[in-house]
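Undergrad: As you go down the protein sequences, you meet chains A and B in turn.
So for the first sequence, the numbering used here puts the first residue at 7; every next one is plus one.
So for the second sequence, the numbering used here puts the first residue at 7; every next one is plus one.
None of these hints come from the bench; they were simulated from the model.
There may be inaccurate statements among the hints.
Which copy is meant is left open, because identical chains are indistinguishable; a pair holds if it fits in one copy or across any two.
As the list claims (entries may be wrong) - List of simulated lysine-lysine pairs, DSS-like, C-alpha gap at most 30 Å:
1. K134 - K74
2. K10 - K124
3. K196 - K75
4. K108 - K134
5. K111 - K134
6. K108 - K10
7. K74 - K196
8. K40 - K10
All values reported here derive from a predicted model rather than from experimental measurement.
Number of protein chains: 2
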Amino acid sequence: MKKKISLRVIRRISFYYEALLKLNLPENTYISSKKLEEVTGVSCNQVRQDFFYLGISIGKQKKGYLVKKLFRELKKILSIDHGARVVIIGAGRIGQALSNYKLFKARNITVTALFDIKPELVGTEVGKPGQQKPVLHVSQLEAYLKENPDIHIALLTVPEEAAQETLDMLITHGVRGVVNFAPKILKVPKEARDVQLINDCIGTSLYKIVYQLYSRK
Amino acid sequence: MKKKISLRVIRRISFYYEALLKLNLPENTYISSKKLEEVTGVSCNQVRQDFFYLGISIGKQKKGYLVKKLFRELKKILSIDHGARVVIIGAGRIGQALSNYKLFKARNITVTALFDIKPELVGTEVGKPGQQKPVLHVSQLEAYLKENPDIHIALLTVPEEAAQETLDMLITHGVRGVVNFAPKILKVPKEARDVQLINDCIGTSLYKIVYQLYSRK
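Next up, chain A with everything else stripped away, as it sits in the complex (with noise of 0.2 Å):
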């Protein structure tokens, strides 16, 4: 059975994933949970507790984690080996910005293409030099989908008025997993509940310390 793991576990995993690439430690040293909280600010009782969790055990005479081991373990929560190509739809800001997002790189996520309606973007690149992704037709996505099956997975981008007709596009499409940065609560149909879909507005944090911090008491 497989184990569910909430979205903060997977925040913590990848962490601690990046952490170790980045220490590019040789795979038969240890590295302990007090070096981990160091490098990813989660604390050393947390990465104890996360990798107990997960199955993964300290090494017998207690110097920390056997570094082969730890990566092995790791890439295959975030399934690194498999990687993961998405595609873009809606290029404004965020869109773009998400596009050239580093970190999607270290954890082997490739965004292969964008897609939007406005004249002025498609037929366009966008990204830094060297990494540019080409802006395509939303009526070119069926077409981009069949010829790229190995691609599930879309981020969404697009204003909250067209997010859910685009979304249920997607779904039409083969799309299987969904995150919408859209301000509205997506819903998948009822006739594709296996499609994993999460509504990650963003700035909803900002909200939440203006309320902190301003709201009358």
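Dock chain B against chain A, hints included.
TA: Same frame as chain A, but now just chain B:
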């Protein structure tokens, strides 16, 4: 006593508020939870539950919620009248995308300036024509905050290596609320326990989707 309102509830409240702005109904009309579901995607049951929790009651004749009253209450919770002026530390792609985020405007949040250390960014202006914001050097931040004593909030989009020291520096200069977008869990120093911090790493939702779809069962 001030109610503790969670991030999820704050998110929904900001959706309700934005829906009211968009619908632009006369003040003395009513809006139903069904209508709010239609616009925000939040189920009408959840809408009613949220309003009940917030002490916003339905009109006498069960026509729905009086627009005037609803506006007033939501504004109060989101501190719309107070507004918020914020700075962004890190003028890379994510920082620039956030600097012009249109929904901040609807919620009366103004990004006044960005700060960075890169010579090619410092001294420039970023953003859409007519809404451009200056990029200043991080060394100017202290003076800037002294000149603008109403700024208490910063959005942090610096690389994770620099994130904790930047947070510490912000707190030293009097910042009281921070949203950290870098992929590292930051901590508020013990002596500054009243500082509000939210760690909101962009992209985590995507790793979660990748995990759901591709992780070995």
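Undergrad: For each hint, tell me whether it holds in the structure or not.
TA: Each hint tested on the structure:
Proximity of K134 and K74 under a CA criterion of 30 Å is satisfied in neither setting, with 33 Å inside one chain copy and 48 Å between copies. In this assembly of identical chains, K10 and K124 lie within 30 Å of each other by CA distance neither inside one copy nor across copies; the values are 40 Å within and 42 Å between. Proximity of K196 and K75 under a CA criterion of 30 Å is satisfied in neither setting, with 41 Å inside one chain copy and 35 Å between copies. In this assembly of identical chains, K108 and K134 lie within 30 Å of each other by CA distance both inside one copy and across copies; the values are 11 Å within and 24 Å between.
In the homo-oligomer, the alpha carbons of K111 and K134 lie at most 30 Å apart both inside one protomer (14 Å) and across protomers (28 Å), since each shortest distance falls under that limit. In this assembly of identical chains, the alpha carbons of K108 and K10 lie at most 30 Å apart only when taken from the same copy (27 Å versus 36 Å across copies). In this assembly of identical chains, K74 and K196 lie within 30 Å of each other by CA distance neither inside one copy nor across copies; the values are 43 Å within and 36 Å between. Only within a single protomer do K40 and K10 lie at most 30 Å apart by alpha-carbon distance; the minimum there is 26 Å, versus 33 Å between protomers.
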